[in-house]
Amino acid sequence: MVFQNYALYPHMSVRQNLGFGLKMRKMPAAEIDRRVDEAAGILGIRPLLDRKPKALSGGQRQRVALGRAIVRDPAVFLFDEPLSNLDAKMRVQMRTEIARLHQRLDATMIYVTHDQTEAMTLGRRIVVMNDGVVQQVAAPLDLYNDPANRFVAGF
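Residues 1 to 155 (my numbering) are what the sequence shown spells out, left to right.
These are calculated hints, taken from the structure and not from any lab test.
Mixed in with the good hints, there may be bad ones.
[As the list claims (entries may be wrong)] Ranges of calculated distance between the beta carbons of each label pair, as one might list FRET restraints: (1) Ala153 with Arg25: 40 to 48 Å; (2) Asp146 with Ala30: 49 to 57 Å; (3) Arg104 with Arg150: 23 to 31 Å; (4) Gly44 with Gln16: 13 to 21 Å; (5) His11 with Ala148: 46 to 54 Å; (6) Val137 with Leu105: 21 to 29 Å; (7) Lys52 with Asp146: 44 to 52 Å; (8) Val137 with Asp80: 16 to 24 Å; (9) Pro10 with Val137: 37 to 45 Å; (10) Ala107 with Arg150: 17 to 25 Å.
[What the hints assert, rightly or not] Derived lysine-lysine pairs resembling BS3-like cross-links, with alpha carbons at most 25 Å apart: (11) Lys89 with Lys52; (12) Lys23 with Lys54; (13) Lys54 with Lys89; (14) Lys52 with Lys26; (15) Lys52 with Lys23.
Just so it is clear, CB atoms sit at the ideal spot from N, CA and C, and this is done for glycine as well.
Using the sequences and the hints given, assemble the complete structure.
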């Protein structure tokens, strides 16, 4: 899970934040190191491994939060408004990085957002909901070209 508030431990380094969940599962240290290094390489944060979260920018913190999910090698990623705390320029950059990550990991990703641009650019299948009720499930272009109702058309 990747949240909008990053959920990082402020007293731990980036390396420790990335490996913490694996350490709690009593994974061997060598495997933790391997996974942390691999995730840091994927996300381009190797130079940051010894820094604390307070010394990172918002985009760097978001990459660390993504890394915490990646090291677990999950079958499904859940992103809950992960870019909402970033400025517009960083949102565009992180959207691109998440899209690349999706292709590289080839994992199922569930991405919750209220931002139509994020949904349309990142989604392969989009679920449009209104007050908790599913209005339409479709590919981005199908939503755009053939909306099920006025609410979806206004999406």
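*When the hints from earlier in the document are held up against this structure, which numbers fail?*
3 and 10
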